[in-house]
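Undergrad: In terms of this note's numbering, the sequence shown opens at residue 16 and continues consecutively.
Heads up, some of the hints might be wrong.
Said to hold, decoys possible - Simulated crosslink set (SDA-like; lysine to any residue; CA at most 20 angstroms straight-line):
#1 K130 / V189
#2 K95 / A142
#3 K95 / P77
#4 K195 / Q83
#5 K160 / R144
#6 K140 / Y60
#7 K138 / K184
#8 K140 / D152
#9 K169 / E181
#10 K195 / D149
#11 K155 / K177
#12 K155 / R144
#13 K21 / N159
#14 K130 / A142
#15 K126 / N48
#16 K138 / D149
#17 K140 / R78
#18 K29 / K184
Think of the hints as simulated: they come from the structure by calculation, not from any bench.
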Amino acid sequence: MAKYDKADLERRMKGAVESLRSDLSGLRTGRANVALLDPITVTVYGANTPLNQVATVSAPEPRMLSVQVWDKSNVGPVEKAIRSAGLGLNPINDGNTLRLPIPDLTEERRKELAKLASQYSEKAKIAIRNVRRDGMDALKADENKKEISEDERKRLETELQKLTDELIKAADEVSAQKEKEILGK
16 MAKYDKADLE RRMKGAVESL RSDLSGLRTG RANVALLDPI TVTVYGANTP LNQVATVSAP
76 EPRMLSVQVW DKSNVGPVEK AIRSAGLGLN PINDGNTLRL PIPDLTEERR KELAKLASQY
136 SEKAKIAIRN VRRDGMDALK ADENKKEISE DERKRLETEL QKLTDELIKA ADEVSAQKEK
196 EILGK
């Protein structure tokens with residue numbers, strides 16, 4: 016049975032672009048947004064866990080986020096994860112609650128956020144290329160098993176490369192749009 020599944024590869028590549036959109040939606044351009052903390056994972060109970068699975072995140076004020084940690088023993092790891100996320104946020108520990116004042120968007124801060132958006136974009140493009148590699152490996156395996164001919168493999172590889180190029184371009188466009196929004200251009 017053939018291992019190559021174009022529909023699955025396309026779904027996975029589009030999933031990387033959607034994940035990028037989701038990550039970029041968390042980068043704030045004006046005010047506090049709970050999605051800002053979505054990409055953060057916390058190491059608790061020996062596992063990396065999304066922040067929203069160990070705490071409740073809310074935006075009580077336009078320039079403040081509040082993180083209500085459910086288990087007091089996890090306050091330290093949550094605080095550490097937020098500080099090390101590269102978002103430029105410094106939590107204020109208030110018992111089980113961490114308050115996160117959102118800094119003004121200075122030119123320096125805008126450049127930091129644009130750089131972070133670029134890093135998210137690069138991760139998405141790497142994910143897309145990894146899916147392409149999986150597809151190429153599946154095609155070679157199918158050819159070795161004599162399930163497809165060499166010409167068929169080359170044709171499908173060309174199609175897969177075209178799909179990869181389209182979705183990398185889409186990731187670049189999403190990232191460029193967000194960077195433009197962040198930099199206020």
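Undergrad: Checking against the hints above, which ones are violated?
TA: 2, 3, 4, 5, 6, 10 and 17
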